[in-house]
Every structure is written in C-alpha cells, then in structure tokens.
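Please model the complete structure; the sequences and the hints are all you need to start from.
Protein sequence lines correspond, in order, to chains A and B. According to numbering that gives the first Met the number 0, the stretch in the first sequence is residues 0 to 473, in order. According to numbering that gives the first Met the number 0, the stretch in the second sequence is residues 0 to 473, in order.
Derived by calculation from the structure, the hints in this document are not laboratory data. Wrong hints could be hidden among the right ones.
Short derived list, chain B residues pointing at chain A, Cβ under 8 Å [to be verified]:
| id | residue |
| --- | --- |
| 1 | ALA96 |
| 2 | ASN177 |
| 3 | PRO205 |
| 4 | VAL218 |
| 5 | VAL436 |
Computed list of lysine-lysine pairs in DSS-like fashion (alpha-carbon distance at most 30 Å, straight line) [stated by the list, open to error]:
| id | chain 1 | residue 1 | chain 2 | residue 2 |
| --- | --- | --- | --- | --- |
| 6 | B | LYS104 | A | LYS104 |
| 7 | B | LYS282 | A | LYS282 |
| 8 | B | LYS282 | A | LYS33 |
| 9 | A | LYS279 | B | LYS33 |
Every value quoted in this text rests on a predicted model; they were computed, and no experiment measured them. Even for Gly, the Cβ is constructed at its ideal location relative to N, Cα and C.
2 protein chains.
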Amino acid sequence: MFPAVTRAFLLSSMTPVCRSGVTVRRYCMKNPTKLRVSEAFLDAQVGEKVRIQGWVRSFRPQKQNLFLHVNDGSSLKSLQVIAPAAMNDPLLGFGCAVEVRGILKKSPHSKQPVELEAEQIWVIGECNPVDFPFKIKERHSLEYIRQFLHLRCRTNAFSSLLRIRSEATAAVHSYFKNNGFLLVHTPTITSNDCEGAGELFQVEPPGTTFANEGSFFSVPVYLTVSGQLHLEVMSGAFPRVYTFGPTFRAENSQSRRHLAEFFMVEAEISFTESIEDLTKVWKTAASDFTIISAYIFLSPLHLKDTLDDMLRKSFPVITYTEAIDILKRSSETFTFPTDWGCDLMTEHEKFLVKHCGNIPVFVTDYPHDLKPFYARDNQDHPKHTAAAVDLLVPGVGELSGGSLREERLDLLRSRLGECGLEDTYSWYLDLRRFGSVPHGGFGLGFERYLQCILGVDNIKDVIPFPRFSHSCLL
Amino acid sequence: MFPAVTRAFLLSSMTPVCRSGVTVRRYCMKNPTKLRVSEAFLDAQVGEKVRIQGWVRSFRPQKQNLFLHVNDGSSLKSLQVIAPAAMNDPLLGFGCAVEVRGILKKSPHSKQPVELEAEQIWVIGECNPVDFPFKIKERHSLEYIRQFLHLRCRTNAFSSLLRIRSEATAAVHSYFKNNGFLLVHTPTITSNDCEGAGELFQVEPPGTTFANEGSFFSVPVYLTVSGQLHLEVMSGAFPRVYTFGPTFRAENSQSRRHLAEFFMVEAEISFTESIEDLTKVWKTAASDFTIISAYIFLSPLHLKDTLDDMLRKSFPVITYTEAIDILKRSSETFTFPTDWGCDLMTEHEKFLVKHCGNIPVFVTDYPHDLKPFYARDNQDHPKHTAAAVDLLVPGVGELSGGSLREERLDLLRSRLGECGLEDTYSWYLDLRRFGSVPHGGFGLGFERYLQCILGVDNIKDVIPFPRFSHSCLL
Numbered sequence: 000m001f002p003a004v005t006r007a008f009l010l011s012s013m014t015p016v017c018r019s020g021v022t023v024r025r026y027c028m029k030n031p032t033k034l035r036v037s038e039a040f041l042d043a044q045v046g047e048k049v050r051i052q053g054w055v056r057s058f059r060p061q062k063q064n065l066f067l068h069v070n071d072g073s074s075l076k077s078l079q080v081i082a083p084a085a086m087n088d089p090l091l092g093f094g095c096a097v098e099v100r101g102i103l104k105k106s107p108h109s110k111q112p113v114e115l116e117a118e119q120i121w122v123i124g125e126c127n128p129v130d131f132p133f134k135i136k137e138r139h140s141l142e143y144i145r146q147f148l149h150l151r152c153r154t155n156a157f158s159s160l161l162r163i164r165s166e167a168t169a170a171v172h173s174y175f176k177n178n179g180f181l182l183v184h185t186p187t188i189t190s191n192d193c194e195g196a197g198e199l200f201q202v203e204p205p206g207t208t209f210a211n212e213g214s215f216f217s218v219p220v221y222l223t224v225s226g227q228l229h230l231e232v233m234s235g236a237f238p239r240v241y242t243f244g245p246t247f248r249a250e251n252s253q254s255r256r257h258l259a260e261f262f263m264v265e266a267e268i269s270f271t272e273s274i275e276d277l278t279k280v281w282k283t284a285a286s287d288f289t290i291i292s293a294y295i296f297l298s299p300l301h302l303k304d305t306l307d308d309m310l311r312k313s314f315p316v317i318t319y320t321e322a323i324d325i326l327k328r329s330s331e332t333f334t335f336p337t338d339w340g341c342d343l344m345t346e347h348e349k350f351l352v353k354h355c356g357n358i359p360v361f362v363t364d365y366p367h368d369l370k371p372f373y374a375r376d377n378q379d380h381p382k383h384t385a386a387a388v389d390l391l392v393p394g395v396g397e398l399s400g401g402s403l404r405e406e407r408l409d410l411l412r413s414r415l416g417e418c419g420l421e422d423t424y425s426w427y428l429d430l431r432r433f434g435s436v437p438h439g440g441f442g443l444g445f446e447r448y449l450q451c452i453l454g455v456d457n458i459k460d461v462i463p464f465p466r467f468s469h470s471c472l473l
Numbered sequence: 000m001f002p003a004v005t006r007a008f009l010l011s012s013m014t015p016v017c018r019s020g021v022t023v024r025r026y027c028m029k030n031p032t033k034l035r036v037s038e039a040f041l042d043a044q045v046g047e048k049v050r051i052q053g054w055v056r057s058f059r060p061q062k063q064n065l066f067l068h069v070n071d072g073s074s075l076k077s078l079q080v081i082a083p084a085a086m087n088d089p090l091l092g093f094g095c096a097v098e099v100r101g102i103l104k105k106s107p108h109s110k111q112p113v114e115l116e117a118e119q120i121w122v123i124g125e126c127n128p129v130d131f132p133f134k135i136k137e138r139h140s141l142e143y144i145r146q147f148l149h150l151r152c153r154t155n156a157f158s159s160l161l162r163i164r165s166e167a168t169a170a171v172h173s174y175f176k177n178n179g180f181l182l183v184h185t186p187t188i189t190s191n192d193c194e195g196a197g198e199l200f201q202v203e204p205p206g207t208t209f210a211n212e213g214s215f216f217s218v219p220v221y222l223t224v225s226g227q228l229h230l231e232v233m234s235g236a237f238p239r240v241y242t243f244g245p246t247f248r249a250e251n252s253q254s255r256r257h258l259a260e261f262f263m264v265e266a267e268i269s270f271t272e273s274i275e276d277l278t279k280v281w282k283t284a285a286s287d288f289t290i291i292s293a294y295i296f297l298s299p300l301h302l303k304d305t306l307d308d309m310l311r312k313s314f315p316v317i318t319y320t321e322a323i324d325i326l327k328r329s330s331e332t333f334t335f336p337t338d339w340g341c342d343l344m345t346e347h348e349k350f351l352v353k354h355c356g357n358i359p360v361f362v363t364d365y366p367h368d369l370k371p372f373y374a375r376d377n378q379d380h381p382k383h384t385a386a387a388v389d390l391l392v393p394g395v396g397e398l399s400g401g402s403l404r405e406e407r408l409d410l411l412r413s414r415l416g417e418c419g420l421e422d423t424y425s426w427y428l429d430l431r432r433f434g435s436v437p438h439g440g441f442g443l444g445f446e447r448y449l450q451c452i453l454g455v456d457n458i459k460d461v462i463p464f465p466r467f468s469h470s471c472l473l
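Here it is in structure tokens:
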C-alpha cells in the first residue's frame with residue numbers, strides 16, 4: 000500500500016542521472032492537486048489526495064510511523080506528515096527538501112487542524128545534518144543565526160521576520176495609495192552632497208580615480224542619504240508624494256541601531272499649513288502600517304497589547320524648548336549637556352519617551368542652527384527655531400524626522416548663500432521661484448520601525464542582508 | 000460680490016511678511032471643503048462651495064471673465080475656473096500656484112463635466128513667465144523638457160508618465176502578492192562581482208583608496224547588477240519570491256535603451272519543473288501588469304489596441320537553434336554573424352520579433368558557453384545548451400531574461416571550478432548542499448517595459464531622474 004521512498008528531481012525534461020550516488024528517477028503519473036501548507040490548513044481539501052513541497056523542519060522516526068513537519072514558507076506553522084516506518088530512508092531528515100503525496104486528513108490532535116497521511120515521499124534535495132549549521136531541536140541564538148546570512152531564512156525566527164517585512168512593505172504602499180500619494184522612484188545615485196556630511200559613499204567604476212574630470216558621470220556622485228530633495232521636485236506638481244527605498248550612511252558604527260544600507264519611507268505634502276498637519280498624517284500613517292502588518296503576525300501577545308495601547312493614545316507633541324526644560328528639571332544624570340542649543344542625544348530621547356509614559360512623542364521646533372538649510376525658519380526670537388520635528392519611540396529613540404521646508408525664495412536664498420551653496424542648489428531655488436507652495440515632509444527608518452513594533456533588539460535581525468562597517472556578506 | 004485677488008501663504012502660524020514686494024496676508028475664515036481636481040470631476044459636490052489648490056496650466060483673460068485651468072496632479076485633466084475680469088492680477092499666470100474658492104457648477108460645455116465659479120483666488124507662489132522654461136500654449140519636445148529634470152513634472156506629458164509609473168509599480172506588487180510571492184529587499188551594496196564583468200560601480204567613502212584592507216567594508220563592494228543570487232538564497236525557504244528595486248550598470252552608453260541606474264522586477268520560483276512553467280508565470284505577470292496599469296491611462300487608442308492584440312495572443316516560444324535557422328534563412332543582411340554559438344544582437348532580436356508577427360517572443364536554450372555559471376546545463380550534444388530564456392518584444396528588443404538555475408551540486412561545483420570561482424561562491428554552493436530544489440527565475444527591466452507598453456522612444460523619458468554616462472543631474 001505504501002511504496003518505498005523514491006527520490007526524484009521534478010524536472011520533466013530530465014533524463015535519469017546519477018547524483019550523490021543516488022539514482023534519480025523521473026515520475027510521470029497524473030499529479031494530484033498541489034497545495035501550499037497555508038492552503039492545507041484551510042482544510043477544504045480534507046479527504047482528498049494532494050501533494051505538498053517544502054523543507055523538513057522536524058523529523059521523528061518511531062517504531063510504527065515516521066512523523067515529519069514540512070514547511071514551505073507560506074506560514075509559520077508546518078504541516079505534520081505521517082508515514083509508515085517502511086518509508087524511512089537515510090536521506091530523509093531535518094533540512095532536506097521533499098515532495099509528499101498523500102491524503103489530507105483531519106488531525107486527531109488539537110495542536111493542528113489537519114495532517115497528511117503520506118503515500119509517497121520524494122527527497123528532492125538532501126541535507127547533511129553534520130554540515131548543516133542549524134541543528135534539529137536546538138534553539139539557536141540570533142547572534143549564531145546571523146553568521147549564516149545565506150541560510151538563516153530556513154529558521155522559524157527569520158522566516159517569520161521576512162513574512163512580516165513583506166507584509167509591512169505592502170501596508171506602507173497600501174496606506175499611501177489609499178491616501179492619494181504618488182509613488183516616486185527617487186534615485187540611488189545622486190550628485191547632491193545633501194547635508195555636506197562626511198557620511199557619504201562615493202560611486203565610480205573600479206580603477207577610476209575620483210577626480211571631477213574623466214569620471215563616469217563627469218561629476219562626483221554619491222549614494223543617496225535621503226530622497227527628500229527629489230520628492231520636493233515632485234511636490235511642485237503633486238501635492239502628495241512618497242518614496243520607499245534604500246538609503247545609505249558611511250557611518251563607522253557597529254551599533255544595534257545603525258546600518259550602512261537601510262530602507263526609508265519618505266513622504267512630502269504640499270499646501271501643508273502647519274506642523275500639526277504634518278504630525279497628523281505621520282501618526283495616521285505609522286498607526287496604519289502597524290495595524291495592518293503586525294497584528295496578524297505577532298505571536299507574543301504582550302507585544303500586541305503594548306502596541307494596541309501605544310496606538311490608542313494620541314502621541315504627545317512637545318517643543319524642543321519644553322524638552323530641554325524637562326531634561327533640566329529631571330534628577331537624571333546625563334553624559335551629554337542639556338543646554339538649549341545642544342542636540343538631543345539617544346540618552347535624552349529615551350528619557351523623554353519614558354517621561355511621556357513610554358509612548359511615541361513628537362518633539363518640534365528645534366534650534367534653527369541645528370537644522371539643515373531646507374528647514375523652515377520660524378523667525379522667532381530670542382530663541383531662534385526652525386519648524387522641524389522628530390518622532391521618538393520606546394526602545395529605539397529617534398524613529399523618524401521631518402520639517403516644514405523653507406518655501407520662501409528670499410529666506411532660502413540667503414540661507415544657502417550663508418553656506419556657500421547658492422550655485423550648487425540653484426535648481427532647488429528654482430522650485431521656489433516657480434509656483435512655490437508651503438510644504439513639508441518626513442522620513443521614517445523602516446528597520447527601526449520594525450524593531451519598534453516587533454521588539455527586536457538588533458537592527459541586523461530585521462533586514463535580509465545587513466551591511467555595516469567591516470561587513471558586507473554575499 | 001467678487002473680492003479682489005488676495006495673496007496669502009497658507010501657514011496659519013505665519014505672521015504677515017513682505018515677499019517679492021507683495022504683502023502676504025493671513026486668512027482665517029472657515030474653510031470650505033477642500034477637493035482634489037479628480038474628486039471635483041466626480042461632480043458629487045455640484046452646487047457646493049469648495050476650495051481647490053494647484054498650479055495654473057492655462058490662463059486666458061477676456062474682457063468680462065478670466066479663464067484658467069488648475070491642475071493638482073490628481074489627473075491629467077485640469078479644472079476650469081471662471082472668474083470676473085476684476086480678479087485679474089499681475090501675479091496670476093501660467094505656472095503659478097493658487098488656491099481658488101468658489102461654487103462648483105455643471106459646465107455648459109461638453110469638454111468638461113464641471114467648472115469652478117471663483118469667489119476668491121489666492122496666488123500662493125508666483126511664476127515669472129520670462130524665466131520659467133516652459134511657455135504657455137507651446138508644445139515642447141521631450142528633448143527640450145528633459146533638460147529641466149527639476150521642473151518637468153509640471154508638464155502634462157511627464158506628469159502623466161509619473162502617474163502611470165506609480166500605478167504600474169502598484170500593479171507589479173499587487174500581481175506578486177496575489178500570486179503568493181514574498182517580497183524580499185535584496186541589497187544595493189554587494190560583495191558579489193556577479194558576472195565578473197567590467198560594468199560594475201564600486202562604492203567607498205570619499206578619500207578611501209579602493210584596497211582590500213582599510214576599506215569601509217573590509218572587502219571591495221559594488222552596486223548590485225541583479226538581485227538574483229540573493230533571491231536564490233530565499234528560494235531555499237520560500238518557493239515564490241520577488242524583488243523590485245534599482246539595479247546598476249557602468250555601461251558607457253548614451254543609447255535610447257540604456258541607463259546606469261534602472262529598476263528591475265525579479266522573481267524566483269522553486270520546484271519549477273521546466274522552462275515552460277517559467278514562461279507561463281512570466282507571460283501572466285507581464286500581461287497582468289499591463290492590463291492593470293496601462294489600460295486606464297493610455298489615451299492614444301491605437302496603443303491600447305496594439306497592446307490588446309499583443310496580449311490576447313500566446314507568445315511564441317522558439318529555441319535559440321530555431322532562431323539561428325530563421326536568421327540564416329532570411330534574405331536580410333545583418334551586421335553581426337548569425338552562426339550557432341554567437342550572441343543574438345539587437346538587429347537579430349528585432350528581426351525575430353518581426354518574423355513572429357510583431358508580438359513578444361520567448362527564445363530558449365541558448366548555447367551553454369554564452370550563459371553564466373548559474374544557468375542550468377541541458378546536458379545535450381552535439382549542440383550543448385543551457386536552460387536560459389529571453390523575452391524579446393516589439394520596439395525594445397530584449398525586455399527580460401531568465402533561466403532555470405543549476406541546482407545540482409556536482410555540476411555547479413565543477414562549473415564554478417572551471418571559472419576559478421569555487422571559493423568565492425562557496426555560500427552559493429551551500430544552497431545546493433542543503434535542501435536544494437530545482438528552481439528558476441527571470442528579471443524584467445521596468446523602464447524597458449514602460450517603453451514597450453507606452454511606445455516611448457527614449458528610456459530617459461520613463462524614469463524620474465535618469466542617470467547615464469556623463470550625466471547625473473540633481
């Protein structure tokens with residue numbers, strides 16, 4: 000009744016060949032319905048003959064029967080397969096790829112709704128348990144798993160993360176689309192030395208000297224640190240635009256919050272009348288992404304509760320000046336100074352979040368001198384501020400930053416003049432010369448956002464291929 | 000009844016200031032409903048007082064009335080605004096940004112469903128017609144428009160393109176999501192020198208010498224030419240994965256079909272049994288993107304008909320060997336040789352498309368020696384081929400390329416050995432060592448795809464910020 004295990008490649012065009020000493024046979028019987036594991040759990044096919052394909056995540060040979068769990072990435076849960084002990088085979092084991100055909104049955108156990116009673120098992124690709132870095136039944140640490148970037152998607156932890164990341168990305172696009180935003184593919188390579196910082200990566204074909212003349216683009220070019228200025232170009236015809244793509248910083252940091260390549264969601268809104276308008280969109284966006292993406296996937300219930308709690312409340316909005324007052328009045332000892340005019344450091348940000356009840360906080364109206372040329376001048380005194388705002392969140396600190404942009408030609412020109420950038424940014428001045436409108440926007444670090452909603456400590460565990468100083472694997 | 004034109008910035012926090020000699024006043028009356036132009040066309044608000052914000056795309060002052068068209072990017076069509084001549088103002092004109100309040104009325108003209116009878120017009124941002132490079136009523140060539148990357152979104156032609164591109168992107172994501180694919184953010188910076196070609200861009204912080212030691216990542220790193228190998232990593236746990244992002248080639252080309260930075264859609268499918276399986280997904284995907292994205296937007300009807308016609312037919316599949324026969328038997332004179340073993344050049348590709356009735360054609364089973372190490376060996380003779388396939392389309396030539404991947408450890412190892420790459424790609428060999436499955440995939444150039452469905456001649460006109468040799472504006 001149960002034929003012995005057969006090993007086969009599934010390529011119908013294949014002629015039998017010998018691989019790893021195992022004869023590979025071609026099969027040609029009529030195929031039963033192919034199901035994904037997540038579809039099998041819907042149990043509409045109970046009683047039918049089906050086939051599933053995937054990887055063995057657990058393997059338990061017993062006297063009478065073999066028990067295996069097969070996962071195909073369609074859900075965290077694997078499908079339990081039961082086969083007679085006679086189907087056992089030295090190549091069948093943890094990590095190998097299989098196709099299983101059999102009858103889908105209601106499971107007698109409450110742990111799973113269905114199970115597959117195997118009639119045939121093909122080992123498609125073997126997996127030597129001695130060489131394979133992940134071991135059956137062992138709970139490997141994230142640090143250990145991270146060493147094997149090319150294999151870590153085969154662990155439950157990281158495959159869950161990949162599913163969440165994919166869903167969260169879809170949620171981002173869906174939020175913006177439903178709210179009338181145009182997606183703009185801002186460039187990766189740019190000639191903008193945006194903030195004049197030393198944290199840029201430069202780009203050239205190998206063997207080229209990085210001189211202005213004779214180089215590939217004729218000018219020095221960099222990897223983008225932000226799509227903002229390019230989005231502002233589009234803000235002159237589309238009142239709501241966004242971008243979502245990779246951004247780069249050559250920061251020599253190995254921290255749990257920094258990457259050399261990370262993803263950023265950036266939005267720009269024209270005819271924005273105040274910083275309150277901006278924070279309203281921002282809060283709605285962040286909440287919407289989270290509700291759609293995280294709630295379905297998060298298994299630790301306390302996380303879901305924390306998030307629920309966080310998002311039900313309105314996010315407090317305090318000014319930088321109020322923030323400084325809070326810090327000065329506190330009994331906490333800080334490493335960095337808390338004088339008006341100094342930048343808020345991570346320790347300050349974390350304190351402010353805690354002070355506000357461990358929920359996200361907007362801090363607005365930073366000192367004018369701390370902000371880049373494009374931030375809108377509040378023209379206040381004696382404390383001269385700009386209409387810039389940061390969103391601080393529990394665990395992570397600064398998640399997101401934004402500002403109203405200086406849309407007034409005269410003010411922008413004189414600010415650029417002071418920095419000696421009037422010529423470099425003459426195109427940017429043109430945006431104010433022709434049909435300028437008040438506008439503003441924000442950027443949100445996607446990995447930090449994932450860290451925040453998932454409670455993941457290290458940023459390297461929320462991106463498929465982390466790049467940081469001294470590490471660029473694969 | 001009609002107050003004179005008032006100019007105002009919309010920032011409620013603003014105090015009156017002087018800009019360009021014009022007094023800016025703050026307004027604070029109760030705001031009527033704000034509508035986007037596309038919403039106004041739905042004419043549900045006819046008879047109501049509304050306000051719209053946008054840019055003036057045409058301006059016609061007549062004896063009794065002013066006529067203007069206001070566009071806000073929400074649709075190609077602009078909203079006609081009628082105002083009494085008394086509202087005219089030197090600052091009101093082509094290109095300026097305005098807010099208009101008034102009563103939305105059914106239009107007496109068949110050209111438009113509704114029009115706005117203005118009660119107030121604010122010029123938010125002026126636009127000097129002498130300096131503005133686009134002139135009212137002039138039809139500028141795409142070459143002319145392309146010089147002003149920072150302003151071209153304000154033309155009808157390019158703003159339409161941006162809307163289509165945004166919709167096509169959404170269609171790509173929606174196709175893959177609905178078909179069970181996981182989105183993977185493959186990295187931009189990579190240490191893979193993928194095909195060993197000289198067309199890579201190298202990346203370093205400025206001032207660093209490109210040596211192995213002391214460099215930012217400790218190894219030489221490049222901008223990705225393809226996410227394929229990274230997708231293959233994920234194919235070991237997820238049978239359907241895709242990526243959609245920027246890709247790079249340091250090709251010294253100014254052609255109508257090449258960019259240094261372009262977008263690529265790439266998909267990888269595990270448990271793929273044959274090249275026919277692959278081309279089936281591929282054809283469905285390409286057709287689905289097109290139907291969703293293009294049909295709504297394309298105004299030239301002949302284009303829609305051509306596309307309809309193209310997609311109704313099944314795409315012919317011919318082998319490379321058959322293609323060579325067709326080329327050899329033709330009476331056409333080619334510049335490049337058409338012997339078996341030679342690469343197909345653009346002239347050959349265009350001929351083959353025409354020969355097959357000017358519809359997309361799949362060419363399969365290329366000479367083994369022409370294809371990279373990862374292409375699956377067909378193990379045939381005397382003509383030794385690999386299971387690789389290209390999709391050729393009218394107007395553009397090669398739109399997309401793919402292959403089955405060599406999933407057999409022994410064959411892959413010996414191929415990598417021949418190229419001296421066994422050590423470099425030991426991680427790639429690991430994918431075949433542990434739970435390997437037959438798989439394949441394809442990549443599709445997004446800009447060439449847009450060129451094809453929109454009939455756009457120059458690739459620089461289908462991407463917001465084109466980068467090519469000697470040009471990286473903004």
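Looking at the structure, which of the earlier hints fail to hold?
2, 6, 7
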